[in-house]
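Chemist: Construct all of the structure, not just a fragment, from the sequences and the given hints.
Protein chains: 4
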Amino acid sequence: MSYNLLKGKRGIIFGALDENSIAWKTAERAHEEGASFVLTNAPVALRMGTINKLAEQTNSEVIPADATKVEDLENLVEKAQEILGGKIDFVLHSIGMSVNVRKGKHYTDQNYDWTHKGLDISAMSFHKVMQVLHKKEAMNEWGSIVALTYMAAQRVFPDYNDMADNKAYLESVARSFGYFFGKDKKVRVNTISQSPTPTSAGQGVKGFTGFMNYADKMSPLGNATALECADYTITLFSDLTKKVTLQNLFHDGGFSNMGVSQEVIEAMED
Amino acid sequence: MSYNLLKGKRGIIFGALDENSIAWKTAERAHEEGASFVLTNAPVALRMGTINKLAEQTNSEVIPADATKVEDLENLVEKAQEILGGKIDFVLHSIGMSVNVRKGKHYTDQNYDWTHKGLDISAMSFHKVMQVLHKKEAMNEWGSIVALTYMAAQRVFPDYNDMADNKAYLESVARSFGYFFGKDKKVRVNTISQSPTPTSAGQGVKGFTGFMNYADKMSPLGNATALECADYTITLFSDLTKKVTLQNLFHDGGFSNMGVSQEVIEAMED
Amino acid sequence: MSYNLLKGKRGIIFGALDENSIAWKTAERAHEEGASFVLTNAPVALRMGTINKLAEQTNSEVIPADATKVEDLENLVEKAQEILGGKIDFVLHSIGMSVNVRKGKHYTDQNYDWTHKGLDISAMSFHKVMQVLHKKEAMNEWGSIVALTYMAAQRVFPDYNDMADNKAYLESVARSFGYFFGKDKKVRVNTISQSPTPTSAGQGVKGFTGFMNYADKMSPLGNATALECADYTITLFSDLTKKVTLQNLFHDGGFSNMGVSQEVIEAMED
Amino acid sequence: MSYNLLKGKRGIIFGALDENSIAWKTAERAHEEGASFVLTNAPVALRMGTINKLAEQTNSEVIPADATKVEDLENLVEKAQEILGGKIDFVLHSIGMSVNVRKGKHYTDQNYDWTHKGLDISAMSFHKVMQVLHKKEAMNEWGSIVALTYMAAQRVFPDYNDMADNKAYLESVARSFGYFFGKDKKVRVNTISQSPTPTSAGQGVKGFTGFMNYADKMSPLGNATALECADYTITLFSDLTKKVTLQNLFHDGGFSNMGVSQEVIEAMED
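Protein chains in written order, with my numbering: chain A, 368 to 637; chain B, 368 to 637; chain C, 368 to 637; chain D, 368 to 637.
Errors might be hidden in some of the hints.
Computed from the model, here is a short list of chain B residues facing chain D with C-beta under 10 Å [to be verified]:
1. 375
2. 466
3. 525
4. 527
5. 581
6. 623
7. 631
8. 632
Straight-line Cα separation of at most 27 Å, DSS-like style, residue types lysine-lysine; simulated pairs [to be verified]:
9. D/454 with A/503
10. C/484 with C/454
11. D/472 with A/553
12. D/454 with D/420
13. C/503 with B/470
Just so you know, the hints here were simulated from the structure itself, not pulled from any lab data. Cβ atoms here follow ideal geometry from the backbone N, Cα and C, with glycine treated the same way.
Modeler: Written as structure tokens, this is what we have:
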């Protein structure tokens, strides 16, 4: 399936780790739709993952960047424009990590150095990316910036731990920076709030499989996959959504507006 | 601009009155994107408007239907399938009228017969359309149904009168019916909450021009036009948004998530 | 427990059917807090229920009124002021009935005459009550009007049927009329979105018990009872909440902001 | 005005700087309603403000604590229980400060060390307070914890700078921790989203007066004052709101649900 929706557009895609990543699928789909882009990830993630395969497949270069370091982001944004031959049309931020989760700390027993570190990686990095793009005037008019988020930013999912608060911060950054990016450069900024997705990151969350099943049973169209999320992201990068900004867009088979489904009631009666 | 996003898809478009209508623009864009469809409107609207011009231009037929009458809708859905040669992939509901507004009744001095009538036309008609489509099993799997709405459903816009309550009802119907349509037929149902738009209908609202200016000054990307709304609607009819359902999607240049803009503060200081 | 929170205040309480009613508990609590009020209900409800017992107990009069009939409401508002000796300080609207639910019609197979009738009783009646109070200038400044609602207005609860749409309309009326009542008379208007409550009305909803259990397991503080709702309503009638208006206030043990609870995940794993 | 709503209850009140503070007014009202409490603030705020006057007036002790330091909070919670003679029933968190705002950095030109510091003071401190209370089992069952917030957490107010993101984080912490505090100890946690208020902190925000006027013109009941906020907070500390939790409660004269008011349209037409 290809519509040339991104023909001639240039992008930066953060966070493609392996074939399960939403960012990976988005890169594949953006390539099919005619975009050129650079891929980026933190040096440690580059070592763990298989991004070179994706780079080859999509004819794109990989630029290492720790998204918490402004100087890395400056280098990335400069190099990306050189490589792609012009300003940037779209950016995908798909970065998240909680040290507290990784180290098994309960939400009521946080190590606050780790809380700060997780926030820096998962949420403040989004501000840093935009601040660098904004200062360097690196975005084309009517460009589109998207970050991936999760509904734990609005409602309680107990195992999501401090990532819930990080995502709330991230979504607020999208609105706050989106205002200035819109007024100053006509660039739109949105977040996509995706179904629980069995990426390498998602699977790290405790009780993930049980929760996946619950979400699937609750959603009238079932959970959205990584590939479906990539498709949706493409529409937000295209010229067909120019006036959508400051939004948090649920891509979740309807989960977000469900109170309860017949299947969940029945599962609980068993 | 054409991407063949709707190639081979069949649709029903309600509410194209004249060239200012969002439904009119959507029909034009759907045609460009490769869809075939029937146009429909109430007999009285057909007489007032210029829909035949649109029908000719998009190579489509016009089927009169009063959307408050179930038998008219049954006839429409049957004829549409005959004409288009198969089940329906997309439906646009763009219908709204308040008798109280038209007759100059203030919100605190309603004529309740008119309130019921306005609700019937503006909101219950959406239920009726879906009930007929559902009973007749007229939608293809992964089809998409969209209704146009306005943010007065969530927040107060004093001149919007009882249309605010009608739109709240409409958005609820989208969720309520969307659940069953999703579970039973994998059909998605969403509403688009559009900027104030100078359609023939919109212009009937008191103080509309002043309000348009306010909304434009408040929105970081400015008000969205009817054509931009048509573009956005196309993405929701396409196969790229299959897991988006039960949502109310703001297409408004960012207005919905603004508290205040610099320009509004300045305008008020003058 | 009594704090004299409503000392000297005069009210109208709609919808006390029997001892399970939230309106009944609210009347008892308002009496304890020093208010005087009239009770009202539709003639048919008066026959079915035991309201005279409540009237005796709270030293109040019962005025029959069909809340869909403007002339009944006009009579009620006039009589209430005569009996109570002055303008009204608080009003509770606790009225709801779906004919489609009662007659066993599925949401996708509505009888639209019944849909209109249910809307008239459950939601438009709230507009009628306020329109009569507003026209007759029957409310004191800083008075408080509350209607009971349910979260099905925002999210899908499949068995709630067309009451979901009715409640969405009701909540919109609270905002729309609340604006004018606030500007014109400094009266506040809010809705309380209560946990599923085993009232005589609530119990009529299909699968109610299973749903009660689900909601209780989902809510960190458990479901809120009718008496607790009465307590909360008292705070909204008191002088301590003068600037709270146009709000839909969840009184639900936290349900509304839960994505999933540990207990629900566990119940589904069994 | 006093109702004995907090008779016998013990509390901790953070953030009373001077007579303009909402925390100051809340302390006065809590005292009138029969509560005993300790006051606390950071050592630097204690030097700047006039808290000793409040302590004298309300017969309460002041315990210095930097709310970003866990050991200070541990000391505070221990001392408070000793002084008050038992576990805690209510807590008010009214703390916020953005270094970026104070130093005049624009939102698109943040110093990220300052961003972290502002977040630590304004939002993570709320987590720290609750984590200490939770670990020490210092709260009574059915206790109530409230933090003050602002609507910039949901919508864009350009001059609010990174405090918007801090408040979004704070509100998320209220939900996330509120779940565990509810399940484990039956303690409720809510935030109050207050009108712009001319406190010493509020007045530091650029363009504050112009914005106050705008908010007042937009709100059907006008802006809520600090004293009115204190009254509302008292209801949330009382036994009448036991099942309200995880909520963000707007106390703003209706601002939050306004799209536009007649007065704003008129002001913009001038």
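Chemist: Which numbered hints does this structure break?
Modeler: 1, 2, 9 and 10
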